[in-house]
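Student: Modelling step: build the complete structure from the supplied sequences, incorporating the hints.
Quick note: the sequence shown uses full-length UniProt numbering, first residue 1, plus one each step.
Check the hints yourself; a few may be wrong.
Below are the PhoX-like pairs computed for lysine-lysine, each with C-alpha atoms no more than 25 Å apart in a straight line [as the list claims (entries may be wrong)]:
| id | residue 1 | residue 2 |
| --- | --- | --- |
| 1 | Lys121 | Lys256 |
| 2 | Lys256 | Lys120 |
| 3 | Lys121 | Lys194 |
| 4 | Lys194 | Lys256 |
| 5 | Lys158 | Lys256 |
| 6 | Lys158 | Lys328 |
| 7 | Lys194 | Lys120 |
| 8 | Lys178 | Lys256 |
| 9 | Lys328 | Lys175 |
| 10 | Lys256 | Lys175 |
| 11 | Lys158 | Lys175 |
| 12 | Lys121 | Lys158 |
| 13 | Lys158 | Lys120 |
Worth flagging that the hints you see were computed from the coordinates, not collected in a lab.
Source: prediction; values computed, not measured.
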Amino acid sequence: MSKLRRRLTVQGDSDTIDGGGLVPPNLKDLKRPSVSEDHHLNLRCAVTEYSGVSKKGHAPYNPRKKNQDALIMADDPATNTLILCVLDGHGEHGDGVSAQFRDQLAMEMMSHPSWSTDIKKAAADAIAKVEHQVIRNFRIDTEFSGTTLSMAIIRGNKLTGVNIGDSRVILGLEKDGKLMAEEFTHDHKPDTPKEKERIIAAGGRVFAVEYDDGIDGPPRVWLGHMDVPGLAMSRSLGDAVAHTAGVISDPEFTEKELDPTSDRVIVVATDGLWEFVDNDETIELLFPTPGPAEAVDCLVKEANARWMQEEQVIDDTTIICAHLFDYKSSE
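Tutor: Here it is in structure tokens:
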């Protein structure tokens with residue numbers, strides 16, 4: 001088998017294919033569609049409809065593999081705000097980490113005293129609070145397990161991106177009749193100069209593993225004195241050992257005012273999509289589709305096919321697509 005470009009956890013016994021889960025009791029008052037439902041939004045915001053799915057990957061050597069991805073789709077009519085978030089768990093207990101964020105984060109954000117006035121503070125505080133609860137959860141061992149988090153928060157026409165790790169938010173634009181992608185959040189890779197500088201200063205190391213075929217894997221984070229944990233991102237939630245080597249869980253924020261004349265679609269996805277489908281290809285693939293549910297289905301199928309072709313395994317894949325303003329398909 002060719003080298004794996006990403007960790008695919010081999011433990012687990014769940015048959016679930018959906019990382020969206022059921023609505024927990026503390027979210028019963030939030031509108032939260034099923035992960036494969038095409039949803040028309042009645043909020044006064046730029047998003048008109050959206051859909052998302054989280055699909056378990058395929059590892060032939062592990063028929064009991066769990067889906068370690070999860071997603072959040074929640075709207076708050078009181079503030080005309082929509083939260084779209086994906087989580088990519090890794091490590092033996094990665095599914096537990098991503099699931100706890102899925103179940104608690106939206107409510108923590110919406111109940112934060114600054115939620116209506118300061119989205120970034122509410123999001124940062126809520127993320128830190130849930131991470132603390134995950135670390136204290138004796139059922140979840142976060143020593144070598146954690147999750148990414150990529151989130152698009154839309155309030156009116158204002159888009160706020162929140163990112164930790166290597167999941168991603170992109171925008172699809174239409175200008176002068178041409179389609180183009182705009183990367184809205186930026187992956188936290190260990191070899192990015194500022195990220196690497198922080199890791200080295202904390203006593204960690206950054207290097208890629210060279211495989212027998214001479215091909216290097218992605219740059220990874222290691223302790224200064226031991227070849228663990230080998231984390232392929234410079235920021236994550238959980239991952240206690242990696243955090244002693246300079247990995248942090250601070251979210252990075254991006255903001256913009258959405259433009260009705262050019263901004264057409266938002267895509268939020270884990271690297272089950274981004275590993276083999278780049279930003280521009282993603283926009284080209286989804287524009288012919290009539291609705292966000294069809295767009296998500298198209299992207300999942302394409303990503304899974306490329307994983308099988310390249311690696312003979314499929315990573316868990318979670319994708320949310322949201323149409324903006326007067327989106328018109330090119331069908």
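Student: All the hints need checking, so say for each whether the structure fits it.
Tutor: Verification of the supplied hints:
The straight-line distance between the Cα atoms of Lys121 and Lys256 is roughly 17 Å, inside the 25 Å bound, and the hint therefore holds. For the hint pairing Lys256 with Lys120, the CA-to-CA distance comes to about 13 Å; that is within 25 Å, so the pair holds. Taken as a hint, the Lys121 and Lys194 pair is honoured in the structure, with Cα atoms around 23 Å apart against an allowance of 25 Å. Of the pairs offered as hints, the one joining Lys194 and Lys256 holds, with about 23 Å between alpha carbons and a cut-off of 25 Å not exceeded.
For the hint pairing Lys158 with Lys256, the CA-to-CA distance comes to about 6 Å; that is within 25 Å, so the pair holds. Under the criterion of a C-alpha separation no larger than 25 Å, the hint pairing Lys158 with Lys328 is consistent with the structure, at around 21 Å. For the proposed pair Lys194 and Lys120, the alpha carbon gap of about 22 Å is at most 25 Å, so the pair holds. A distance of roughly 21 Å separates the Cα atoms of Lys178 and Lys256; the hinted pair therefore holds under the 25 Å criterion.
Taking the CA atoms of Lys328 and Lys175, the gap is near 13 Å; set against the 25 Å cutoff, the hint holds. The suggested pairing of Lys256 with Lys175 holds, with an alpha-carbon distance near 17 Å, which does not exceed 25 Å. With a CA separation close to 20 Å, the supplied pair Lys158 and Lys175 stays within the 25 Å bound. Pair hint Lys121 plus Lys158 holds up; C-alpha atoms about 16 Å apart against a cutoff of 25 Å.
The suggested pairing of Lys158 with Lys120 holds, with an alpha-carbon distance near 12 Å, which does not exceed 25 Å.
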